[in-house]
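Visitor: Read top to bottom, the protein sequences are chains R and L. The first sequence begins at 1 in this note's numbering and counts up one residue at a time. The second sequence begins at 122 in this note's numbering and counts up one residue at a time.
Source of the hints: derived by calculation from the structure; they are not laboratory data. Since this is a predicted model, take the numbers as computed values, not measurements. Mixed in with the good hints, there may be bad ones.
[Unchecked claim] With a cut-off of at most 27 angstroms between alpha-carbon atoms, the simulated BS3-like pairs for lysine-lysine come out as follows: (1) L:K450 to R:K114; (2) L:K159 to L:K187; (3) R:K114 to L:K205; (4) R:K41 to L:K159; (5) L:K205 to R:K41; (6) L:K159 to R:K36; (7) R:K41 to L:K467; (8) R:K36 to L:K450.
[What the hints assert, rightly or not] The following label-pair restraints were derived from C-beta to C-beta distances: (9) R:R89 to L:G399: 39 to 49 angstroms; (10) R:T92 to L:W409: 21 to 31 angstroms; (11) L:M179 to R:V78: 20 to 30 angstroms; (12) R:G48 to L:M164: 23 to 33 angstroms; (13) L:L147 to R:L31: 20 to 30 angstroms; (14) R:Y111 to L:A197: 26 to 36 angstroms; (15) R:V103 to L:A197: 28 to 38 angstroms; (16) L:V451 to R:I72: 40 to 50 angstroms; (17) R:G27 to L:F182: 11 to 21 angstroms; (18) L:M164 to R:E46: 25 to 35 angstroms.
C-beta atoms are modelled at their ideal positions from N, C-alpha and C, and glycine is treated no differently.
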Amino acid sequence: MSDFLRDYLTVVWFGLAALVLGSLLLGLAALVRPVKPNASKLIAYESGVDPVGIGWSQSQIRYYVFALLFVIFDVEAVFIFPWAASIERYGTFGLVVMLAFIVLLLDGLLYAWKRGLLRWV
Amino acid sequence: MSVAIEIPYWGQSLLRVLGGIVAVLLPAGTIVYVFLFKMMSFMQSRLGPMEAGPYGSMQLFAEVGKWMQKEDTAPAAADHRIFKMAPLIVLLSTFLLVAVVPFGPDAWLTNFETGVFYGLAVSSISVLGILVAGWSSANKYSLLGGLRAAGQLIAYELPLVLAAIGVVIQAGSMRMQDIVVAQNAGSIFGWDGVGNPYLLTQGVGFLVFMIAVQAELTQPPFDMPIAESELVSGYMTEYSGFRFLIFFIAEFATVGVFSLIASVLFLGGWGVPFAWFGWEGIDDVDNWMNVVGPLIMVNKMLVLSFLIMWVRFSFPRFREDQLQRFAWKVLIPVALANIVVTAILKVAV
Numbered sequence: 001m002s003d004f005l006r007d008y009l010t011v012v013w014f015g016l017a018a019l020v021l022g023s024l025l026l027g028l029a030a031l032v033r034p035v036k037p038n039a040s041k042l043i044a045y046e047s048g049v050d051p052v053g054i055g056w057s058q059s060q061i062r063y064y065v066f067a068l069l070f071v072i073f074d075v076e077a078v079f080i081f082p083w084a085a086s087i088e089r090y091g092t093f094g095l096v097v098m099l100a101f102i103v104l105l106l107d108g109l110l111y112a113w114k115r116g117l118l119r120w121v
Numbered sequence: 122m123s124v125a126i127e128i129p130y131w132g133q134s135l136l137r138v139l140g141g142i143v144a145v146l147l148p149a150g151t152i153v154y155v156f157l158f159k160m161m162s163f164m165q166s167r168l169g170p171m172e173a174g175p176y177g178s179m180q181l182f183a184e185v186g187k188w189m190q191k192e193d194t195a196p197a198a199a200d201h202r203i204f205k206m207a208p209l210i211v212l213l214s215t216f217l218l219v220a221v222v223p224f225g226p227d228a229w230l231t232n233f234e235t236g237v238f239y240g241l242a243v244s245s246i247s248v249l250g251i252l253v254a255g256w257s258s259a260n261k262y263s264l265l266g267g268l269r270a271a272g273q274l275i276a277y278e279l280p281l282v283l284a285a286i287g288v289v290i291q292a293g294s295m296r297m298q299d300i301v302v303a304q305n306a307g308s309i310f311g312w313d314g315v316g317n318p319y320l321l322t323q324g325v326g327f328l329v330f331m332i333a334v335q336a337e338l339t340q341p342p343f344d345m346p347i348a349e350s351e352l353v354s355g356y357m358t359e360y361s362g363f364r365f366l367i368f369f370i371a372e373f374a375t376v377g378v379f380s381l382i383a384s385v386l387f388l389g390g391w392g393v394p395f396a397w398f399g400w401e402g403i404d405d406v407d408n409w410m411n412v413v414g415p416l417i418m419v420n421k422m423l424v425l426s427f428l429i430m431w432v433r434f435s436f437p438r439f440r441e442d443q444l445q446r447f448a449w450k451v452l453i454p455v456a457l458a459n460i461v462v463t464a465i466l467k468v469a470v
């Protein structure tokens with residue numbers, strides 16, 4: 001197996017280690033802890049007041065614009081990374097192209113800013 | 122240079138996983154005892170735990186014993202299966218993240234060519250855990266806390282990523298080992314006495330990175346997701362007993378792991394300036410660095426987590442709108458400008 005795939009296999013082992021360790025600790029705790037549920041213990045804790053309605057009540061999601069902007073900038077980061085790692089190979093040409101790219105995206109951020117989308121509405 | 126003893130692949134994997142577990146739990150315990158218990162107490166003119174062991178040093182074990190005996194309750198209305206999974210997802214994210222940190226020339230866990238990229242990618246898995254914890258609790262405070270956490274983590278993910286790009290530009294590689302070597306074999310204006318730690322030549326990037334880390338870890342002053350005066354305990358409200366403790370361990374372990382990553386990116390990682398010993402590249406580095414390297418990393422980790430904790434204990438919480446404004450209107454433009462300046466200097470000089 002190539003070193004490249006072996007690294008990913010190591011990641012799998014790490015993930016398994018996390019799950020096994022967590023489950024072991026939880027299992028150990030399950031042997032020690034008491035289990036005495038009653039109705040009032042199982043009510044959602046909302047500062048001692050009985051909850052009104054269900055927990056999944058409608059609330060205003062305020063950051064969907066941020067989420068959209070995030071996607072744009074995250075994709076930008078994906079494009080910048082390979083260029084950043086081999087910046088010397090592309091030299092001035094790559095620099096100019098990437099600057100144009102960054103400026104365009106910055107322009108988008110400024111537009112959103114000017115439209116007032118970055119305010120907490 | 123190769124390791125003197127040949128270890129079969131399964132042995133290496135086992136060693137790496139054990140090393141990873143140590144690298145997650147040791148920083149978590151150290152940070153909680155030294156900083157959270159003792160340093161915070163001294164800053165607040167009190168002694169902190171004193172009873173369990175000398176200077177309360179056994180307090181951690183007492184705490185684990187205490188949390189083990191607590192009842193594990195879940196609200197009747199909760200989505201039980203996901204509710205129980207959520208802390209494990211957060212812990213999983215921490216373990217996947219530590220896999221990217223190199224501790225010595227051969228003492229690495231994974232040696233990805235795209236290490237920085239991988240680290241930043243898996244660090245955002247914890248958002249999923251927090252979001253499902255908030256959603257599955259069937260509690261309005263939890264839901265609000267989970268959504269706030271999601272909004273905050275995506276907002277500060279960007280400065281984090283963009284600040285790391287400055288480092289990648291300077292090192293010319295995304296591999297963590299190459300970044301360590303580039304810093305220690307480098308020189309500032311021809312002087313190689315301290316190598317070229319990017320703390321000095323990427324100062325702005327370091328500042329942006331550490332602020333973003335503070336927010337990614339939801340440490341005060343960026344702790345709106347668990348703001349106890351508004352949201353009880355945010356997404357952790359309904360968790361009790363050991364499941365809560367897993368959230369807690371993961372939180373402080375991630376502080377340690379992010380400090381490790383920041384020390385690789387900006388403080389020179391496991392290395393000492395190569396000029397001191399006449400090393401040229403990673404192949405010249407002597408074997409003893411595999412022992413000294415981890416010790417150096419621990420020290421750098423302690424310094425950076427001290428900074429994180431110091432800020433945590435010193436500043437009052439931001440307001441939610443200030444938080445988003447700060448990320449989008451200050452940190453992201455500054456980080457982008459940092460990339461542009463770094464790239465121009467790198468190509469021109």
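Visitor: State for each hint whether it applies.
Guide: A quick look at each hint next to the structure:
1. Between K450 of chain L and K114 of chain R the alpha-carbon distance is near 11 angstroms, which keeps this suggested pair within the 27 angstroms criterion.
2. A threshold of 27 angstroms between alpha carbons decides the hint, and for K159 of chain L with K187 of chain L the separation of about 19 angstroms falls inside it, so the pair holds.
3. Restraint check for K114 of chain R and K205 of chain L: the C-alpha separation of about 44 angstroms exceeds 27 angstroms, so the hint is violated.
4. In summary, the hint linking K41 of chain R to K159 of chain L is not supported, as the alpha carbons are separated by about 34 angstroms, beyond the 27 angstroms threshold.
5. Our distance criterion of 27 angstroms between C-alpha atoms is met by K205 of chain L and K41 of chain R, whose separation comes to about 17 angstroms.
6. Distance check on the hinted pair: K159 of chain L and K36 of chain R sit about 35 angstroms apart at the alpha-carbon level, beyond 27 angstroms; violated.
7. Between K41 of chain R and K467 of chain L the alpha-carbon distance is near 62 angstroms, which puts this suggested pair outside the 27 angstroms criterion.
8. For the given pair, K36 of chain R sits about 51 angstroms from K450 of chain L by alpha-carbon distance, which is inconsistent with the 27 angstroms threshold.
9. Checked against the hint of 39 to 49 angstroms, the C-beta distance between R89 of chain R and G399 of chain L comes to roughly 29 angstroms, which is inconsistent with it.
10. Against the hinted window of 21 to 31 angstroms, the Cβ-Cβ separation of T92 of chain R and W409 of chain L comes to about 43 angstroms, which falls outside the hint.
11. Our hint of 20 to 30 angstroms for M179 of chain L and V78 of chain R is violated, since their Cβ atoms are close to 47 angstroms apart.
12. Checked against the hint of 23 to 33 angstroms, the pair G48 of chain R and M164 of chain L passes, with Cβ atoms roughly 32 angstroms apart.
13. Between L147 of chain L and L31 of chain R the beta carbons are some 26 angstroms apart, a value that agrees with the proposed interval 20 to 30 angstroms.
14. Distance hint check for Y111 of chain R and A197 of chain L: the Cβ-Cβ separation is about 48 angstroms, which falls outside the suggested range of 26 to 36 angstroms.
15. Our hint of 28 to 38 angstroms for V103 of chain R and A197 of chain L is violated, since their Cβ atoms are close to 55 angstroms apart.
16. The hint said 40 to 50 angstroms for the Cβ distance between V451 of chain L and I72 of chain R, and at roughly 19 angstroms that hint is violated.
17. Remark: the range hint 11 to 21 angstroms for G27 of chain R to F182 of chain L is upheld by a beta-carbon distance near 19 angstroms.
18. At roughly 33 angstroms, the beta carbons of M164 of chain L and E46 of chain R sit within the given window of 25 to 35 angstroms.
Checked against the numbered hints given earlier, this structure breaks hints 3, 4, 6, 7, 8, 9, 10, 11, 14, 15 and 16; the rest are met.
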